[in-house]
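Given the coordinates of chain P, work out where chain R should sit on it, guided by the hints.
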Amino acid sequence: MIVFLEFVARLVGWLVLAPLLPGIINKVKAWVGGRRGPPVLQLYYDLARLWQKGVVLSTLVSPGFIAGPAVAWVAVLGAALLLPLGPVGAGLSFRGDVLLLIYLLALARFCTAWAAMETGSAFEGMGAAREVSYAVLAEAAIITAVLALCVHSGSVSLATMLNPAAGAGAVLLAAGLFAVLLAENCRVPFDDPNTHLELTMIHEVMILDHSGPPLAAILHGASIKLLLFATLLVEAVVPLGGLSRPAAAGVLAAGVLVVTVGVGLVESLLARLAFRRVPLLLTTAFLLCLFALLVAWKGGAA
Amino acid sequence: MTPGPLLLFAAAGLTAGLVAGRRHAPAWLGFTLAGAVAALVAAAQLLLGGAPWEWRSEFAVAGQPLHLRLDALGALFLALVAVVGGAGSVYAHGYWSDRDYPQSAPRGRLWWNTLLLSLGAVLLSWNGLHFLIAWELFTVAAFFLITLENQRRDVRAAGWLYLAASHLGTMCLFAFFAALAARTGSWELGPMRERADLAPLFWLALVGFGLKAGMFPLHIWLPSAHANAPSHVSAIMSGVTIKLGIYGLLRTAGWLPVPAAAPWTLIVLGAVTALLGIAFALAQSDVKRLLAYCSVENIGIILIGLGGALLAAADGSTSLTAGAAWGRLALAGALLHVWNHGLFKSLLFFGAGSVLHATGTREMSRLGGLWRAMPWTASLFALGAVAISGLPPLNGFVSEWLVYLGLFDAVTSRSPAAWAALPAAIMLGVTGALALATFVKAGSLIFLGAPRTAAARDAHECSPWMRGPMVAVAAACGAIALAPALCWPLIARAAGAWQPGWADLTPPASLFTLGGMQVALALLAFAAGFALWRRARADDVTRQLTWDCGYVVPTARMQYTSDSFAGIAGGWFAWILQPQRRLRRPRGLFPEGASRMERVPETVLERLIGPVAAVVMQASLAVRRLQHGRLQYYIAYVVVGLAGLGTLVVLGGGS
Chain P
1 MIVFLEFVAR LVGWLVLAPL LPGIINKVKA WVGGRRGPPV LQLYYDLARL
51 WQKGVVLSTL VSPGFIAGPA VAWVAVLGAA LLLPLGPVGA GLSFRGDVLL
101 LIYLLALARF CTAWAAMETG SAFEGMGAAR EVSYAVLAEA AIITAVLALC
151 VHSGSVSLAT MLNPAAGAGA VLLAAGLFAV LLAENCRVPF DDPNTHLELT
201 MIHEVMILDH SGPPLAAILH GASIKLLLFA TLLVEAVVPL GGLSRPAAAG
251 VLAAGVLVVT VGVGLVESLL ARLAFRRVPL LLTTAFLLCL FALLVAWKGG
301 AA
Chain R
1001 MTPGPLLLFA AAGLTAGLVA GRRHAPAWLG FTLAGAVAAL VAAAQLLLGG
1051 APWEWRSEFA VAGQPLHLRL DALGALFLAL VAVVGGAGSV YAHGYWSDRD
1101 YPQSAPRGRL WWNTLLLSLG AVLLSWNGLH FLIAWELFTV AAFFLITLEN
1151 QRRDVRAAGW LYLAASHLGT MCLFAFFAAL AARTGSWELG PMRERADLAP
1201 LFWLALVGFG LKAGMFPLHI WLPSAHANAP SHVSAIMSGV TIKLGIYGLL
1251 RTAGWLPVPA AAPWTLIVLG AVTALLGIAF ALAQSDVKRL LAYCSVENIG
1301 IILIGLGGAL LAAADGSTSL TAGAAWGRLA LAGALLHVWN HGLFKSLLFF
1351 GAGSVLHATG TREMSRLGGL WRAMPWTASL FALGAVAISG LPPLNGFVSE
1401 WLVYLGLFDA VTSRSPAAWA ALPAAIMLGV TGALALATFV KAGSLIFLGA
1451 PRTAAARDAH ECSPWMRGPM VAVAAACGAI ALAPALCWPL IARAAGAWQP
1501 GWADLTPPAS LFTLGGMQVA LALLAFAAGF ALWRRARADD VTRQLTWDCG
1551 YVVPTARMQY TSDSFAGIAG GWFAWILQPQ RRLRRPRGLF PEGASRMERV
1601 PETVLERLIG PVAAVVMQAS LAVRRLQHGR LQYYIAYVVV GLAGLGTLVV
1651 LGGGS
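Top line first, the protein sequences correspond to chains P and R.
If you're matching positions, the first sequence starts at 1 in the working numbering and goes up one per residue.
If you're matching positions, the second sequence starts at 1001 in the working numbering and goes up one per residue.
Hint data in this document are derived by calculation from the structure and do not stem from the laboratory.
Facing chain R, according to a computed beta carbon distance under 10 Å, are these residues of chain P, among others: (1) Trp114; (2) Met126; (3) Ala135; (4) Ala140.
Restraint-style ranges between C-beta atoms, simulated for each label pair: (5) Ala1175/R with Pro239/P: 58 to 64 Å; (6) Ala1614/R with Thr284/P: 40 to 46 Å; (7) Ala1479/R with Gly13/P: 33 to 39 Å; (8) Gly242/P with Ala1479/R: 44 to 50 Å; (9) Ala1509/R with Val56/P: 45 to 51 Å.
Bear in mind the structure is a predicted one, so any value in this text is a computation, not a measurement.
From the three backbone atoms N, C-alpha and C, an ideal C-beta is built for every residue, glycine too.
So that you can see chain R by itself, here it is in the shape it has in the complex:
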């Protein structure tokens, strides 16, 4: 089957799910899964070398004829939508079931399918107006998904912030597409590299798409929205929808000429986003907020790769010269990281959701020791933690390795690009080490040690509906990790759709070696773990209390907490984290109570946007005083207004 009928089938499946979702959950799940599988197959056809699929119709929507097109680059993102969308649907069936949430579950299914459909529409539209409509639809659908639990105040606040910030982005995109249409005379999209006058429009796109992607400092909406949404929604938002911002940037940079400063800006923004994103993540004590900030970091890594690709493309020609080769590696790394992050981030959010479901809290310092009750979730979360820290032998390492290799090649080629690549590589290294600290902290506080509260002690393993998608996504992570060379042609085709000269399908020789090393490492790690376990079991194992400096009755409260773990590295970023501490010291000979509270604010939001918003609100309040409902004053306003206009006419009438 060609992609056309498959995509039609996918759309039909999702629409049927949309209709069925109101009453019948199993039917919804069946239809949605069928649609997701169809979309995945369509995307796979293109990534495996199928010709781009195109469909034009005279049928006009909003006055514009329909123009749908799917090429390898769109297919790369469509595959991610299908995989995470499908996995999320199964997860939602267990996590947000009709039994637990009789009111919001049907609503959630409705908006979930709307979200998937509009995400697909964004990836298929090659008309600026339709792109905008689909974009707005997916923004709104995501808003209703975030606010499924709208009886909670912080959920409403998060949804509101998301909606306001997203519309600022949409406004920029509206200006971008409208200006583009005004200058080219058509809403049709497509390559127009020769129109040098379109270059400045890139900045509008950067703000609009960058805001959706969660680029620093436009990320303000992201942590609260992703933390407060139901976990399957967090997974698709962190894993997929922020990637659509990357998709938009890729398309813009691929179709339009970019200003000379744009690649440099992207690399710098990417490096800053990565470093500060992970610094904020490390300081969080709410596991879902931590994961959300970590998404900001990963967007930074992708942006570094993208900026490097643009720099190389501007540097060399479109052909595979030495100058461009490193850019191709960086782009391949960025594109592969889009997949990788989508996969392990949804795995981690699913895991966090299971923990939330089992214990009712997202505060890591209230959890602990969950591995005993939730062995599946614990081991899958640990796998995701290793993957997201970019460690071998998992998939995060492969994509980061490609980005690194691109940057290192830029450095050794001694091109001017090295001045961006050098600091970016060092910052990437620091980011990696901080990510490791972040995920050692997250994993160990939640799953290891002793339970810190009764809720953590009484936890239970999640249902198979929730476990299944986690296993599936983890398996996908493992597949990419162990066979990176097989993924290369898919990525290369997407890169070729972006920059025609870059579609070299033979993987770099070192990628084969790396794949072999990853397999060997994974096998040896298993073998060594098993051997040591056997050896330790061979003699008698004595179980004892943890040795706490000879202390006989250690309690769970003596364990390290989130803030104490992050204290050292967090202190280096205190200038931006601005942690607020409340300390009550023990006083007197018989101290009654002492406490130390620490909170990391949303610095950009509270220190930068907050004051500005406060001024605007003040001004609005002042203006509002004019309106008070007293008729005589209104008549006076009219008279004064008329008099003013009259004066203007009389004075200006002479000319």
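The following block holds chain P by itself, in its conformation from the complex:
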């Protein structure tokens, strides 16, 4: 019973808290820009409104156009539930669960790109091509980061992997994972979530033809993914294992807030990169993770 209640609490936590993050980012951007900005809860209103709306479908699409966002939402939520939450631990932990997490995110990517291609639009094809191509480099970085954590902790399951005090490579890992976070969640400097010029977008251009409840599923899934990456980043870098439960929960929440504000600041202060520069930045992220891996390797040997 306790296990079940804990699971429900965890599920509700992810579902309810996730849409907060884009709101905070937008508030930070508005604040830096000297505007008042939309309310922090704007995404909640949007989701509620979209859920009530009717759907406009392209004449070309198959049922996969709606199934895609649904499966992607399930995959991202599943990945989020695998992630241990600092003091609370993971709901379900097993050897190799980290690989399931990475591949669940890949499944979400497959479904989003597939749904985008359903429409036969050149723009959406462009977005899907960009999404799956840049993900190749992001995947290399994220696997390397996971390997660094594995080497550092001597374990291949998330619960023990994210527990020990961060090693000397924490700064490198943080920088690398932050860049991956920006790329995977389509934030500046990789992508601009606010632009209205299709030629320059990645994620937003893939969902141009979505509307109503499917669009709500996509937006909600994207916010869960952002929260997932922010939590992962904080847990990978900050040694939560040594703290007491309330302290760890507080540190985790504060960490996620710092990362979110950081994303907002990056978005306010940086311009979007030219597309040919994107691979360069992602390769840098990969190299940062690789150096973190080497540091972890050396650190353990000493």
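Positioned in the frame of chain P, the structure of chain R alone reads:
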């Protein structure tokens, strides 16, 4: 029934099919299916724990007494032959029917059964000479199957390349088995780990078997052969026959001592094969070529697992020490991937065959929007695409997960093997992401969007004969995906036949959890898809044109094409892909026409083998000038030759 009578029954069924196939297609199908089922049951008995079956006879073939044996490792491959062989037979009945191909269909049935019989013989022979004979027979049978449509020039060229390359491999294998027989004094095969002097022979086997498996850069024959063969033949070649190269490598590495460098070489070759295979696959615009290159990638994944297993076996002892445990996981992953790839690759080739049958083209940029006309093929192809990209909740993920877990364990154990496992794991990750890009591209270009040509618009769903095997193979994929822990004992028995200490039948605890997660994920995905569909239907659905930046009359030609989709990631591999572009820019105020053509050559073949072959041909042509049919010159050659010999005798005669 013991495996013996079942195997006899299988051989009898296939032979009866061989005889009946000439005239009577339904009888052929019945006999062949009965044979395949019998072989499957025999293999299943061994995998479920039966004792190895052995049969010796004094009856000599080619001067050697017959020695047949089936153990769990052979049974693993035999099961794959039976499943894909059976499914392929049913598919061929609809796809390559007497009505459509009155001339080549009977021939195809004949060679199909010859292929299945010789594949079985390869897996059963424990005599080097018989192994070679069966190997050659299956190579030749596959050649005739590839060239069923021999009126087409590219089919003949592909067949010829396949035959030439295969014989290079057979030559290496001949040298390997002959040297083995010369050193041991017998053609009998079996474990001989204590003979350290046999280790260098591994390299010969690596070339011979690696060529059959399609290991980079020996894969040159594979794309054209698999692309140009009839689709059921492509399915069995990609799904099964290249795995026999893996089987050969496994046997060699299990029986003979291997050089210290061999495991490292295998991991490096595997990682390179996987990465470059999928890079080439991504750049293809012909769907069957894409699938063929993807087979190269999957062979790479299997080789990584195999190399890891060898490294762990050399590292630890044969017992289950900590050092060996990760190797066992990697081997289990590789063996399971042999099955998985065999299943989803045949599913995808069947799907590609149905598309080819319905539209007459393999060019993805000429297709599109087929889901409407071919809902079955489209959804089964999509399933195969998810599976082959190694995504949960399907079976490709299970085997890749096992290989990953082996590599990760090697890394965390901080053994020297980590230096191979680290880069291999990262390259496996990159390969997975590229595979995802490849199959999003393949699936969506063929089945989604608007039809790009009239052929694609007038497509029709394939017949039940072709649909049935696809459903069956997809169901097998699903079964492995949802119950991986049930497959573990079968795989473990095969691993135990390879390395006696590794036959631990209890699955790792995490495999149970993973299986549960896969089931949950599959159910939730269905539920969410259904719920969202219901929700979207609840209010009124408006159908509109695709929003193309406000453009009112979008045409099918505005859609993304194969090259444009693969452009970004393909560009990173331009150093090896060497794409050739022909660009005609629009000129003047009223431009008449503009075009951009892109073609990815067979880099290794055209840039490496081609020039060498050209030099050899030049030399041969030069030598050929000596032969012109003029008698007086021939007499002169004889005189000169005699004079030369005479001089040699006179000069050398002193000693």
